[in-house]
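Undergrad: Take a look at the letters that make up each chain.
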Amino acid sequence: MNELVWIFISALLVNNFTLSMFLGLCPFLGVTQKLETAFRLGLANIFVMMITAVAAYVLNTWVLIHAPYLRLISFIIVIASAVQFVEMAIKKLSPDLFKALGIFLPLITTNCAILGLALFTTNKGYGFVEGMVYALGAGGGVTIALVLLAAVREETRILNIPKMVQGTALNLIIAGIISLGFMGFAGLFGSH
Amino acid sequence: MADSNDSPVMGKEFLKGLWKENPVFVAVLGMCPSLAVTNSAINGIAMGLASTFVLIGSCALVSLLRNVIPKPVRITTYIVIIATFVTAVDFTLEAFLPAIHKELGAFIALIVVNCLILGRQEAFASKHPIGLAVADATGMGLGFTFALLSLGGIREVLGNGSLFGIDLFGAGYEPWIIMILPPGGFFTLGFLLLIFSWVEQRRKLRTQQPS
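As you go down the protein sequences, you meet chains A and B in turn.
For the first sequence, the numbering used here begins at 1 and goes up steadily by one.
For the second sequence, the numbering used here begins at 1 and goes up steadily by one.
So here's chain A without its partners, still in its complex pose (with noise of 0.2 Å):
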């Protein structure tokens, strides 16, 4: 039980995904205009983030172990489509879900944080129940990011900034600034 509880606030916090990784960020620096699209975003990253967990956990467990090479090309084909097949069960079963995550779900399917979980699972041998709780705590690290940065960046639209520092650059130095702030739960769990 306390393993798992590490595995999640170090997905969540000390190993953040966006933040202290670089993972994921044409979303985080594209999508982060509007505070509820942003929370939105997030809330599909971590539903994508548990179906790959689960897709990783069966390739890995069935079919990687009798072709390694194999790895990158079944898990990005594997990865995709069950999200398209999951994305087409939504719409049936519940459109209002659908209505909220649907347009996101086909941008981060081919995310790098999609991936990278799948491929940090496999390094690190997690089972089903570690991989599920990583797949949480590295969504919802994902989902703060993204939240941190739309709200700083909705204020900065009232504000008189240079012509030259608007764009990618401000956004660039926000996010450094907020990555220098998690730096801090590097001594979260003393000795780990």
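It is possible that some hints are incorrect.
Said to hold, decoys possible - Okay, derived cross-link-like pairs now, DSS-like style, lysine-lysine, Cα gap no bigger than 30 Å in a straight line:
1. B:K20 with A:K163
2. B:K12 with B:K127
3. B:K127 with A:K99
Treat the hints as calculated values from the structure; they're not laboratory data.
Computed from a predicted model, the values in this text were never measured in an experiment.
Starting from the known structure of chain A, fit chain B onto it as the hints suggest.
TA: Same frame as chain A, but now just chain B:
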């Protein structure tokens, strides 16, 4: 392919990736690897060259197959082609340069989802003959390598007081540890983009008021 009519065009396609359409500084593509592995100059070069190889190989193949690949499944096809080349690079590095492979870790595998590479297939290689596609891929790849090298160089000099592992300032230098930690990546790229847009703005001002 490269007769006298072709070569100026090819040169142009090659050069644009280096500066005018630099993938990192101008188009802001491929951010994840460019920030994640550039805590030293040597890692930056290794990552850049690995990506360049994948880019050239997959652009050449996509360009050769451009009339065969069916439109509706083209993205999937590109990804499978890219993943094949990345797997080859991954195993080659693991066999010949295990130290660098260990440093870069999962980020070698993550070249697959670098949007720069997929972007070039979709925007250029799938519409042009192989000579132009390779010229474009080489230029873009070297531009990417150049960007990674400058990011890695700046971060290593400031954060570690060395370049390519050679000590620059002697024992009296207090390194800015923060530059080789994650926030340093965001700051360095942010300030480099600032410098780029400052130069662009100066140039625009000068052309607007010639006198």
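Undergrad: If a hint holds in the structure, say so; if it doesn't, say that too.
TA: Verification of the supplied hints:
1. B:K20 with A:K163: Since the Cα atoms of K20 (chain B) and K163 (chain A) sit roughly 20 Å apart, the hinted pair holds (cutoff 30 Å).
2. B:K12 with B:K127: It holds: about 17 Å lies between the C-alpha atoms, which stays within 30 Å.
3. B:K127 with A:K99: violated, 35 Å
Comparing the model with each earlier hint shows a violation of hint 3 alone; every other hint is respected.
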